[in-house]
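Student: Protein chains in written order, with my numbering: chain C, 1 to 348; chain G, 1001 to 1317; chain F, 2001 to 2277.
Please keep in mind that the hints were generated in silico from the structure rather than gathered at the bench.
Among the hints, erroneous ones may be present.
As the list claims (entries may be wrong) - 25 Å max Cα-Cα, derived PhoX-like pairs, lysine-lysine:
| # | chain 1 | residue 1 | chain 2 | residue 2 |
| --- | --- | --- | --- | --- |
| 1 | C | K338 | G | K1277 |
| 2 | C | K236 | G | K1173 |
| 3 | C | K338 | G | K1005 |
| 4 | C | K81 | F | K2032 |
| 5 | F | K2037 | C | K69 |
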Amino acid sequence: MKKLEKDRLSAFLQQIGEEMPLFVPVQKEEGAVFTRWSPEVTPQLGAVRTVRSPKDLFFPQCEALYTLKTEQGKLQIAPQKRAEEPFAVFGMRGCDARALQVLDQVFLTEPVDTFYKARRENGVLLTLACRRPDTACFCTVFQNDPADPLGDVCLVEGDTCFFLMAKTEKGQAFLDRFASFLTPCEEPDENACRKEQANIRAIAARLPLRDLSLEGWGPGQTDARFSDPRWDTLSKNCLGCGTCTFVCPVCQCYDLHDYDTGHGVIHYRCWDSCMYEDFTRMSAGNNRPTRMQRYRQRFMHKLVYGPENNNGMYGCVGCGRCVVKCPSSLHIVQVLRKMRKEEEHAKL
Amino acid sequence: MQRIKETLTHWLQSGQVDRVLGWKEGDMPGLREPAFFENAEELKSLCYDAFCGPNLSKFLIAAGEKDGVTAVVLKPCDSYSLNELIRENRVQRDRVKILAVPCEGNIDPRVFENRGVLSVSIEGDQLHLTTLYGEENEPLARCFLERCTVCRGGRHAVYDELLCPEAEETPQKGDRFEAVRELEEKSEEERYAFWQETFSRCIRCNACRNACPACNCRECVFDGAALDSRQKAAAVPFEESLFHIVRAYHVTGRCTDCGECSRVCPSHIPLHLLNRKMILDINTLYGPYQAGDSDKGRSPLTDYTPDDCEPNQGKGA
Amino acid sequence: MPSCNEPLIPQVGVITAITEQTPDVRTFRIEKPEGGKLFLHQPGQCAMIGVPGAGEAMFSITSSPTQEDYQEFSIKRCGSLTDVLHALEPGDCVTVRGPYGNAFPVDTALKGKNLLFIAGGIGLAPLRSVIRYAMDRREEYGTIQIVYGARSKEDLVDLAEIETMWKNQPDVHVYLTIDRPQEGWDGHVGFVPDYVRELPVDLSQTVLVCGPPIMIKFVLAALTDLGYRKDQVYTTLELRMKCGIGKCGRCNIGGKYVCKDGPVFRCDEIGELPDEY
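Isolated chain C, as found in the complex (with noise of 0.2 Å):
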């Protein structure tokens, strides 16, 4: 374990971010966003949840993938270059860290993607343990821990220093070559790390939202939860758009497009939403015209069918953010609670 003072903070940040792209949450006018460090900006590392998660790092809402020219009569194709340059993400949580491990179940299975994959072996994670969560998050309800969590670095905030832990090679190469501002800790200083541990994970024992219970969910409960009646009722006002989706930290549906610039097509890949319509549209038919279906799709995507693919991991890691977002609040602990609800009064 490493410390780093906080005084040192901005000076750590500036070394990063002038040997890679580094990216912090800054405080903005619709909330926290991750950003490009520069000088000028200035980290919000007090807000638990930002506005997007940084998956738009490694899996961009809009990226081109290959470029379409006709050059003498012939197509030629030309795919986008891989990302190459190393960058650090700082501040981020553990339930944004989870995702990402979701995320490299879908992508990182064979065939492997090769875009996210470049992104991935390229960013380093510095995530932050939670000092103060929010009456929303419920990530312990997904195995996670706020105080411990995952990435390359782990960081817990003390009262003058940060406390460092590598977990990972990579994250053990980046704290050596920054070591320069990191002082190795003594034994007061490991208690003190610990002792914010503890006062994460009394908090989190508070916190409303973390008995959340996943029984008759996960693999092997499609028949069990497909044909409950009780989706119609949930889903009736879902408005249909896409925020919980696209705030989501683990939705990785996406759509691939051409875009005819008029000299030459670019073929780009944007984030899509199985709440939209004409998501599984076709010139035949929609096997999911119900506001209804595609609702219960989501749900059961991250509840079901996604950990019988994805080796039990849910689609969910409790981060919160369409709890908070939704319009109609029709989020995924309306679905977990209603359904275990009335689940309890049937037995009664």
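Put chains G and F on the given structure of chain C with help from the hints.
Tutor: Positioned in the frame of chain C, the structure of chains G and F alone reads:
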């Protein structure tokens, strides 16, 4: 609150309506969600307070596909949205029964973000928050949704029963066009920079469109394959602006300025500014017009009179 | 095969021949610009074909793997991309990614079996690949029975090939039908599912069904009534696909992705999927 429930229970039990559309408590403190209630038992969970932000009007389009009459609880500004939908024949007047409730402003859920709020209450001129980290107070005046700080007053545009007649006289607050005028006074470059930055926050989630009562096309042009512009991402940076500008134009003359677009935007884009600019221009060019004021007649942009201004001579054009 | 390393990057394919099959179906022969097959495939697999600027869509590969020089795709004109495809001419370039998905188990479960093919309209496209494969390796399979129907005589795809080639093979029986009576047609008239019920039943057959969803539904019901078990019937599912590699999410159904785990499913496997196809 008690009178609201009593009235609605009576409507339901006497068979005047088949269901009630209102709000109930959400899963998080200070968030209320739209909900349908089918019987008196369910109605017990209906709530109405300063946290009932969602405008329920648009849900009546879908409710119209069901049999019978839907009762709906409407705040003053929401009633304009519904009236406009009635004018456009998207909701049939005789299929809704409207309970008009007074409104003293809605709390902006942004106030709660990242604060660990466990419960909220309004105490005098303070919003009191009990959080995981202690008790906090916020001056209430700073906690309202933008639309409420420039409230157009307590009048309902349409209703069947008025819960609080005296509240209809509540006067308008502030000047809702002030921010538009400030923008108008800026140079073209400054305005462009402002919108460029603002629209760059857009994540193309379509919450604004899907929540907007005026956006009620059966199929949105941005969802169709015909337009080489997808509804979910911008292939070029200009596309977000294109989406919002097209949308603003399309709702011009029909937008009642209910403010749902700004309320639901996860990136807090002040979308109402675009709509208000259009409203201000209409007011300037054609005389004061409030969409949703009446369920009959034509809006200035779908009407022609020989006195219409010529585009190039209009003051605001 | 470049598709292994770069699953989302296509190759350039050149259209070397176009056969007009029916008023709205054309078969496109596609090769590498320098000649030769774009990739190796198995019967039942699909590929993504794109026209620059118009987008991509998934089509089943109509030609048999035993055809060593090119791949063929029979494509029905029914949407914006297929409109553009139908306007192309030999010599034009397209983008091709693939092959994607699983295949009919021609070298395992189907081997040595008596085969019953049931196809409707453009649904012959994926089955033709298997039929040609089985005919080219005739000794490895038992009897072959083909029931094929379309709206009219003009809508029967590959009719010339069926008449001149398939019908002359040993132990191959072809039963054609059209939906409504028509001048110049003295063959069977009626819907495919009904025709299936009229034909001699051989429960030793393994059945391969492909066609419009409504036809598949009624054919499967007919087969069940006739005594065929679900595990001896194969069909294909068609859902919207984009990536072809089970990641973009849209062809997800239950724990399966049609583009990766399908499009070929044994009917007992389909029974385990949520009813949303």
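Student: Look at each hint and say if it fits the structure.
Tutor: Consistency of the hints with the structure:
| no. | hint | result |
| --- | --- | --- |
| 1 | C:K338 - G:K1277 | violated, 43 Å |
| 2 | C:K236 - G:K1173 | violated, 35 Å |
| 3 | C:K338 - G:K1005 | holds, 24 Å |
| 4 | C:K81 - F:K2032 | holds, 24 Å |
| 5 | F:K2037 - C:K69 | holds, 22 Å |
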